[in-house]
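K.L.:
For the record, the sequence lines run as chains E and G. The first sequence: position 200 = 200 (this note's numbering), numbered continuously. The second sequence: position 79 = 310 (this note's numbering), numbered continuously.
Because the hints were derived from the structure by calculation, they are not lab data. Glycine residues also receive a C-beta, built at the ideal position from the N, C-alpha and C atoms. Be careful, since some hints might not be right.
[Claimed, not checked] A partial selection of chain G residues facing chain E, derived with a Cβ cut-off under 8 Å:
no. : residue
1   : ALA253
2   : TRP265
3   : ALA283
4   : PHE284
5   : ALA287
6   : PRO298
7   : GLN308
8   : HIS312
9   : LEU317
10  : ASN327
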Amino acid sequence: MSDLGLPASAEALRRIREDPHRLGHRAHGPQEPIQGAGHGVTGPAQKRIIVAYGFWIFLLSDIVMFACFFAAFAVQRGATAGGPGPQDVVEVPRVALQTAALLLSSYTCGLSFAATNARNKLWTQVFLLATGLLGLAFVAMEVQEFVSLASCGITPQRSGFLTAFFGLVGLHGLHVTVGGLWLLTMMAQLQVKGFRREIMHRLLCFNLFWHALDIVWIGIFTIVYLMGTVP
Amino acid sequence: MSDLEYDPHNYSSVLDAREDHAPGDEPHESAGHWVLNANLGLGLSVVLTAAAFWAAQADIIYGPAIPVALVVLAIAQMGVHLVFFLHVTTGPDNTNNVLALAFGVLVVFLIVAGSIWIMHNLDYNMMPMDELMRMAR
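Excised from the complex, chain E in its bound form:
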């Protein structure tokens, strides 16, 4: 391009017009259509993009469902019917441990995808296994919490507040459990089939799912647990 003999200022102007955000590639400006990029008449986008984008839409609708449970919790927060309130339910040390487990599992999940991108099967499996074990620790702590609450007579049917509490926290725990099962099948598929295209798509979607669960947990430990300790 620069050997056209353009003055330096014209060259700079062309670069600014074609790459206004300095991304190292053209964002706007003149460009020929690329095959299979979903631009205009060139056919659909790649399957990797379609699959992950569809899963992104599913995740957002899943988060909308969580928002409904959050709204129910916010409305029912004071409806304790004379029973135990937020301060009687929350046990901060366990919540801190649960948060640490889930955050670390999100981290190892990100590392596993780094290993996936480097096509390293061993480290992908190691980090997926670490993710699964941390997720298992999280679910185990939550089950233990529910059991210890139930042994004190704190059960969902006691009051509107407890219904909303067990509904919201339990829905998240169910997601983590199902995600753990998905993770096991992904490890098995990766072991047997290797880094095939559809396996990569599924690993990408699993990565999105697991990080989204951690984002929901941020909302839960803040609004349900930490705000429950504030008088």
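Since the structure of chain E is already known, use the hints to place chain G on it.
P.N.:
Then chain G, alone, in the frame of chain E:
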């Protein structure tokens, strides 16, 4: 070991830099970039989480400000996760992902804020419970 002939990323000519990025994906980055992002995300998240757990029981913060501080810390941490774990960027290759996310955030906001608003209004306008019981008798 792996079935590389099915892997489009090993033939980067198949992928064009101008294509959209799938959410959570950055096809042109090396593994080091991913590890760096994960480390940054973990570090910032640990700081924000520790700050939230500290603020919840801090004596030196004005009481009514604590919930506000907790919400601010939570939103900040969600942002950290979106950027460093989910790799959402402001670039043109992420426009579709960001638009979908913005719509999701709008719906979440409408559901939560709308529910709290409507139910508070109903609660405010409802006759006190003991009065209601007396009339029902």
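K.L.:
Now, for every hint given, state plainly whether the structure supports it.
P.N.:
Do the hints match the structure? See the list:
The interface hint given for ALA253 (chain G) is met, as the beta carbon of that residue sits about 3 Å from the closest beta carbon of chain E, less than 8 Å. For TRP265 (chain G), the shortest C-beta to C-beta distance to chain E is roughly 3 Å, which falls under 8 Å, so the interface hint holds. Because the beta carbon of ALA283 (chain G) sits about 6 Å from the nearest beta carbon in chain E, less than 8 Å, this interface hint is met. Hint status for PHE284 (chain G): holds, given a least beta-carbon distance of 6 Å to chain E, under 8 Å.
With a least beta-carbon distance of about 4 Å to chain E, the hint placing ALA287 (chain G) at the interface is held under the 8 Å criterion. Because the beta carbon of PRO298 (chain G) sits about 6 Å from the nearest beta carbon in chain E, less than 8 Å, this interface hint is met. Taking 8 Å as the C-beta cut-off, the interface hint given for GLN308 (chain G) holds, the closest approach to chain E being about 5 Å. Given hint, HIS312 (chain G) at the interface with chain E, holds; its Cβ is 5 Å from that chain's nearest Cβ, closer than 8 Å.
The closest approach between the C-beta of LEU317 (chain G) and any C-beta of chain E is roughly 5 Å, which is under the 8 Å cut-off, so the hint is satisfied. The interface hint given for ASN327 (chain G) is met, as the beta carbon of that residue sits about 6 Å from the closest beta carbon of chain E, less than 8 Å.
Violated hints for the displayed structure: none, as all numbered hints are satisfied.
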